[in-house]
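Below, each chain spelled out in residue letters.
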Amino acid sequence: MSAVHYESWGRYPKHNPAGVIKLFWKDEIPRLDNIEGSVLPYGCGKSYGDSCQNSGGILLDTRGLNRLISFDEKEGVLKCEAGVTLSAILDFAVPRGWFLAVTPGTKHITIAGAIANDVHGKNHHRAGSFGCWVNCFELLRSNGERFLCSNEENPDLFRATIGGLGITGLITWVEIRLKPCPSAFFYYESIKFDNLDEFFLINADSDSEFEYTVSWVDTSATDGSLGRGIYMRGNHASPDKFKLPDLPKPKQIPMPIQAPFINSCSVNLFNLLYYHKQFERKISQVAHYDPFFYPLDAISNWNLAYGKNGFLQYQFVVPFGSERDSLKRMLRIIARSGMSSFLTVLKTMGDKPSPGMMSFPRPGVIMAIDFRMTGEPALKLLSTLDEIVVDVGGILYPAKDARMSARDFQLFYPQWREFSKFIDPKFSSSFWRRVIGN
Amino acid sequence: MKILIFGACSAIARETAICFAEEGAKLFLVDLKESRLEAVRQDILTRHKTQIEIYECDANDFANHPAMLDAAIGALGGLDAVLIAHGTYPDQQALQLDIEAIRREFSTNCISIISLATLFAGYFEKQKSGCIAAISSVAGDRGRQRNYVYGSAKGAVSLFMQGLRGRLLPSGVKVVTIKPGQVDTPMTADMPKGFLFASAKVVGKGIYDAMKMGKDVVYLPGYWRWIMLIIKLIPESIFKKLKF
Ligand SMILES: Cc1cc2nc3c(=O)[nH]c(=O)nc-3n(C[C@H](O)[C@H](O)[C@H](O)COP(=O)(O)OP(=O)(O)OC[C@H]3O[C@@H](n4cnc5c(N)ncnc54)[C@H](O)[C@@H]3O)c2cc1C
Ligand SMILES: NC(=O)c1ccc[n+]([C@@H]2O[C@H](COP(=O)([O-])OP(=O)(O)OC[C@H]3O[C@@H](n4cnc5c(N)ncnc54)[C@H](OP(=O)(O)O)[C@@H]3O)[C@@H](O)[C@H]2O)c1
Chain S
1 MSAVHYESWG RYPKHNPAGV IKLFWKDEIP RLDNIEGSVL PYGCGKSYGD SCQNSGGILL
61 DTRGLNRLIS FDEKEGVLKC EAGVTLSAIL DFAVPRGWFL AVTPGTKHIT IAGAIANDVH
121 GKNHHRAGSF GCWVNCFELL RSNGERFLCS NEENPDLFRA TIGGLGITGL ITWVEIRLKP
181 CPSAFFYYES IKFDNLDEFF LINADSDSEF EYTVSWVDTS ATDGSLGRGI YMRGNHASPD
241 KFKLPDLPKP KQIPMPIQAP FINSCSVNLF NLLYYHKQFE RKISQVAHYD PFFYPLDAIS
301 NWNLAYGKNG FLQYQFVVPF GSERDSLKRM LRIIARSGMS SFLTVLKTMG DKPSPGMMSF
361 PRPGVIMAID FRMTGEPALK LLSTLDEIVV DVGGILYPAK DARMSARDFQ LFYPQWREFS
421 KFIDPKFSSS FWRRVIGN
Chain F
1 MKILIFGACS AIARETAICF AEEGAKLFLV DLKESRLEAV RQDILTRHKT QIEIYECDAN
61 DFANHPAMLD AAIGALGGLD AVLIAHGTYP DQQALQLDIE AIRREFSTNC ISIISLATLF
121 AGYFEKQKSG CIAAISSVAG DRGRQRNYVY GSAKGAVSLF MQGLRGRLLP SGVKVVTIKP
181 GQVDTPMTAD MPKGFLFASA KVVGKGIYDA MKMGKDVVYL PGYWRWIMLI IKLIPESIFK
241 KLKF
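Residue numbers (my numbering), protein chains in the order written: chain S, 1 to 438; chain F, 1 to 244.
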């Protein structure tokens, strides 16, 4: 057992596990019910808040479960151990003509972590969530029982574990469907929009023609420019249609120092420069999947730039119908607070249902906003935003949460009681204890 | 190519095995546990279609070494190269008053490697070609108080390989000594990871390259050559006071 360094991506709240068990072989996992205290699987710790934390309990570090098991080249069906990263899957699959059917904004997460939060990507409006592409997995419970879970076998455990926040048991291996891709490259366009209404206009044109859409929003802008930003939309680039560049050499720059150089001043400046760096209204280009999907992965540990107090991400979805009004209200509050966000992402979600019982993705508009953790002011601002989310029937994303109230969580996810039946009695997380109020 | 890897479930050796499988080499993988060998075989086979055989053998089961070699030659129809990769990293504190434990560690990390290398040398010398690579360690370059039992076992392996290299030169057999620095693997799971830590993938690929080129001694990653040069230059009167 060891407790080296197990933070969440937002580095707030700071919780220490009592110990860590590193797993390396899926058939040699110790009996979990003999362990003192509760246990929680830990992937790459890319969840922002406390859903990958188990204060005072045990973390099961799954990154050593990193082997592939089989691949059906005709159908694109990949079976691998739970700790295999999306990055490793892409390294394996792209040269063979396959791509992840759904990928979030970082590739440095484990496949089981992607299931436990039922993550979504830029193509949610078409492909649905990650869980939609999972054929089956094995779930190891603390009493040593192993369940094969799929739509047909143990369907309840299957549904509970997708988006199940890691507390229904330990996933040991997973089988997913990939999708064919013509190359490692994407054709994409970035289009400037002057305000929120323009975003919706461009979006209405884009969802049917582009498989991937997402926007960056300048939260410092006000009045007529409220909600201005840059819309990005893209498709896989086929070598028949586009002249593709050479494959880039992989490189990752580490964050040189841990210092809070993200503050409201630098953020405002960044937002201004970012918005204006694009002179033309629309640019189109062909780019490798790394800069297209994972621009943030270019700097490892960029989260350290927020300093030792960490940061909060606030991600919600508001249902269609209420979106314009609620987003404008929230953007105004944020701009007025002076705590503008360096990375704000906006996207419309589709109606393909997630198989998960507790899944976050659903139809509507999502927004993800990063705030430096400044203590009371930041927490207060987010509570104000909560009221709007609750008011319009939206919900918050547990993978990004470090502070929502138990009351709000239970309102957002009323199915939590039914879900509770599937929780493994030995499993728990700091997040879960917080949101069910014990 | 027909390759035997002893200690094939090691995180580093798996990466080397993947590189060999990619070029179509046939593999004979040896380690302690069949279930682990099976997982490694499936991983490699999923990536590259080739012939992969597995064989359970404890490095300390010296009597079984010749049978293991025969099985490899039989299964693959000959052998072109071997990599000896197994090892353990003992807790120095727990070890230093326990001579029995020190003997056991020496058996695993030194004598068994010497025994295997001697066996393979006999085979390759007759064949007049081949390559014997063994993973030693930078820890074998100088005796540090923090890990001198492990270090001295690895040091003996390095010296043994050096002598063997001269002996096998006339028969055209390459002898490759691999000296990794710190690598992020199950062996170092409990150590805090500083910036000098390399991934098993980088080191495993480095071993593959060194074996292909028939290098004599490689430090992996390469910067360890310079770090060890400095460490070796520190006068003993100062070195003995260093607590690392
Ligand atoms: C830069 C960045 C961009 C992101 N973009 C997106 C995005 O676009 N869309 C999105 O949905 N998310 C996004 N995320 C969030 C991230 O994808 C999720 O938090 C993801 O779940 C993290 O996976 P992980 O492997 O790091 O797991 P962790 O964060 O370590 O754990 C996440 C959950 O998985 C559980 N878990 C891990 N392994 C297992 C296992 N073997 N069995 C059972 N449960 C397990 C844990 O208990 C925990 O509940 C982003 C995160 C970052 C840092
Ligand atoms: N990691 C580092 O920082 C580092 C640095 C320098 C050198 N090295 C050397 O690199 C080599 C590979 O190590 P690693 O880091 O990849 O560690 P690892 O993943 O722990 O691999 C060690 C392997 O050796 C096997 N093994 C141990 N005792 C054995 C025995 N008696 N008979 C047969 N197999 C045995 C282990 O099997 P079980 O798991 O079944 O016991 C395991 O598969 C070792 O020689 C190590 O000393 C490592």
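Among the hints, a few may not be true.
Claimed, not checked - Simulated pairs of lysine-lysine, DSBU-like, Cα-Cα distance not exceeding 35 Å:
no., chain 1, residue 1, chain 2, residue 2
1, F, Lys205, F, Lys215
2, S, Lys79, F, Lys49
3, F, Lys193, S, Lys243
4, S, Lys22, S, Lys421
5, S, Lys421, S, Lys380
6, S, Lys282, F, Lys232
7, S, Lys308, S, Lys352
8, S, Lys74, F, Lys201
9, F, Lys33, S, Lys74
10, F, Lys193, F, Lys126
11, S, Lys308, F, Lys2
12, S, Lys249, F, Lys201
13, F, Lys193, F, Lys128
14, F, Lys128, S, Lys251
15, F, Lys232, S, Lys79
16, F, Lys205, S, Lys74
17, S, Lys22, F, Lys126
18, S, Lys79, F, Lys193
19, S, Lys179, F, Lys232
20, S, Lys179, S, Lys282
21, F, Lys49, F, Lys2
22, S, Lys14, F, Lys243
23, S, Lys241, S, Lys22
24, F, Lys128, F, Lys243
25, F, Lys201, S, Lys79
26, F, Lys201, F, Lys33
27, F, Lys49, F, Lys33
28, S, Lys282, S, Lys249
29, F, Lys49, S, Lys22
30, F, Lys243, F, Lys205
31, S, Lys352, S, Lys192
32, F, Lys128, S, Lys22
33, S, Lys241, F, Lys232
34, S, Lys14, F, Lys49
The set of hints was computed from the structure by calculation and includes no laboratory data. Remember, it's a predicted structure, so these values are computed and weren't measured experimentally.
Hint check:
1. Lys205/F - Lys215/F: holds (14 Å)
2. Lys79/S - Lys49/F: holds (16 Å)
3. Lys193/F - Lys243/S: It is violated: about 42 Å lies between the C-alpha atoms, which goes past 35 Å.
4. Lys22/S - Lys421/S: Between Lys22/S and Lys421/S the Cα gap is close to 28 Å, so the pair holds against 35 Å.
5. Lys421/S - Lys380/S: holds (34 Å)
6. Lys282/S - Lys232/F: With Cα atoms ~60 Å apart, Lys282/S and Lys232/F exceed 35 Å; violated.
7. Lys308/S - Lys352/S: Distance ~39 Å between Lys308/S and Lys352/S Cα, so the pair is violated.
8. Lys74/S - Lys201/F: Cα-Cα ~28 Å, so holds.
9. Lys33/F - Lys74/S: Satisfied, since the Cα-Cα distance of roughly 33 Å is no more than 35 Å.
10. Lys193/F - Lys126/F: Status violated; Cα separation ~44 Å.
11. Lys308/S - Lys2/F: violated (52 Å)
12. Lys249/S - Lys201/F: holds (16 Å)
13. Lys193/F - Lys128/F: violated (43 Å)
14. Lys128/F - Lys251/S: violated (42 Å)
15. Lys232/F - Lys79/S: violated (47 Å)
16. Lys205/F - Lys74/S: Judged against 35 Å, a Cα distance of about 29 Å means the pair holds.
17. Lys22/S - Lys126/F: violated (45 Å)
18. Lys79/S - Lys193/F: Answer holds: Lys79/S to Lys193/F is near 30 Å, not above 35 Å.
19. Lys179/S - Lys232/F: Distance of about 53 Å is beyond 35 Å: violated.
20. Lys179/S - Lys282/S: With Cα atoms ~29 Å apart, Lys179/S and Lys282/S stay inside 35 Å; holds.
21. Lys49/F - Lys2/F: At roughly 14 Å apart (the allowed maximum being 35 Å), Lys2/F and Lys49/F satisfy the hint.
22. Lys14/S - Lys243/F: Roughly 32 Å between the alpha carbons, so the hint for Lys14/S and Lys243/F holds.
23. Lys241/S - Lys22/S: violated (47 Å)
24. Lys128/F - Lys243/F: With Cα atoms ~46 Å apart, Lys128/F and Lys243/F exceed 35 Å; violated.
25. Lys201/F - Lys79/S: Cα-Cα ~21 Å, so holds.
26. Lys201/F - Lys33/F: holds (22 Å)
27. Lys49/F - Lys33/F: holds (23 Å)
28. Lys282/S - Lys249/S: Holds, because 28 Å separates the two Cα atoms, which is no more than 35 Å.
29. Lys49/F - Lys22/S: Measuring from Cα to Cα gives roughly 30 Å; hence the hint holds.
30. Lys243/F - Lys205/F: holds (32 Å)
31. Lys352/S - Lys192/S: At roughly 28 Å apart (the allowed maximum being 35 Å), Lys192/S and Lys352/S satisfy the hint.
32. Lys128/F - Lys22/S: It is violated: about 44 Å lies between the C-alpha atoms, which goes past 35 Å.
33. Lys241/S - Lys232/F: violated (58 Å)
34. Lys14/S - Lys49/F: Measuring from Cα to Cα gives roughly 46 Å; hence the hint is violated.
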